[in-house]
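Visitor: Sequence:
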Amino acid sequence: MELLLNILFIVLSLLAAAAVGLMIFFKLTISIRDSRRRPAEKRLGQGARKALFLYQPSNAKRNVPQAEALAARLAEMGYAVTVNHPSEDLPYAPGDYDLLVFGSPVYMGETARPLRRYLETHPFTGKRVLLYVDGLDLERAPELETLKGLVPAGNELYTVKVEPRDREKLLTFAAEYGA
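Following this note's numbering from start to finish, the sequence shown increments by one per residue and tops out at 179.
Hint data in this document are derived by calculation from the structure and do not stem from the laboratory. Hints may be right or wrong, so weigh each one.
Here are the in silico distance ranges between beta carbons for each label pair [to be verified]:
hint : residue 1 : residue 2 : range
1    : 14        : 91        : 46 to 54 Å
2    : 167       : 41        : 15 to 23 Å
3    : 59        : 4         : 37 to 45 Å
4    : 8         : 41        : 44 to 52 Å
5    : 50        : 109       : 53 to 61 Å
6    : 41        : 172       : 22 to 30 Å
7    : 8         : 152       : 28 to 36 Å
This one's a predicted model, so the numbers in the text were calculated from it and none came from an experiment. Glycine residues also receive a C-beta, built at the ideal position from the N, C-alpha and C atoms.
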């Protein structure tokens, strides 16, 4: 009987340790997703129309090549593209741009807090807005609905959810709605 109690105690201790480990992992994942990135402005294209593209890199930066390809496509479409990470320190006035593009990775059903904060604190109207998130469950996109709710009324809004690294779907979306 005592042996059985010892085994039960060990199993419960291991389960508790695993639960604590998972909680720490999820906390770190969320804090990295929501961390404020330093502004890292890049400019592409010489077009007469201007596009502002703000995106939050994923934890492993797997969506960076996807974002770079999107910025290059916008430049090919005739935009002078300003690319950066969402931050309160950015000097951009969304009203100065013809096209606004916002992107975020999704972790545990949430988008990046810096992008949500930027949308909340920088109102704009009368703009064409492309909004995308990259995540794994393409059948459901409640996080996209949350971001849509942060875009003020009076804008021409287009949205898509893509899988991480799915450049083609994102580029097709930009070509269709960014023109």
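Visitor: Now, for every hint given, state plainly whether the structure supports it.
Guide: Here's how the hints hold up against the structure:
1. 14 - 91: 46 to 54 Å: 52 Å, holds
2. 167 - 41: 15 to 23 Å: 22 Å, holds
3. 59 - 4: 37 to 45 Å: Given a distance of about 43 Å, which is inside 37 to 45 Å, the answer is holds.
4. 8 - 41: 44 to 52 Å: The hint (44 to 52 Å, Cβ to Cβ) is violated, given that residue 8 and residue 41 are roughly 58 Å apart.
5. 50 - 109: 53 to 61 Å: Violated - the Cβ-Cβ distance for residue 50 and residue 109, about 33 Å, lies outside 53 to 61 Å.
6. 41 - 172: 22 to 30 Å: 26 Å, holds
7. 8 - 152: 28 to 36 Å: Given a distance of about 57 Å, which is not inside 28 to 36 Å, the answer is violated.
In the structure shown, a violation is registered for the earlier hints numbered 4, 5 and 7, in ascending order.
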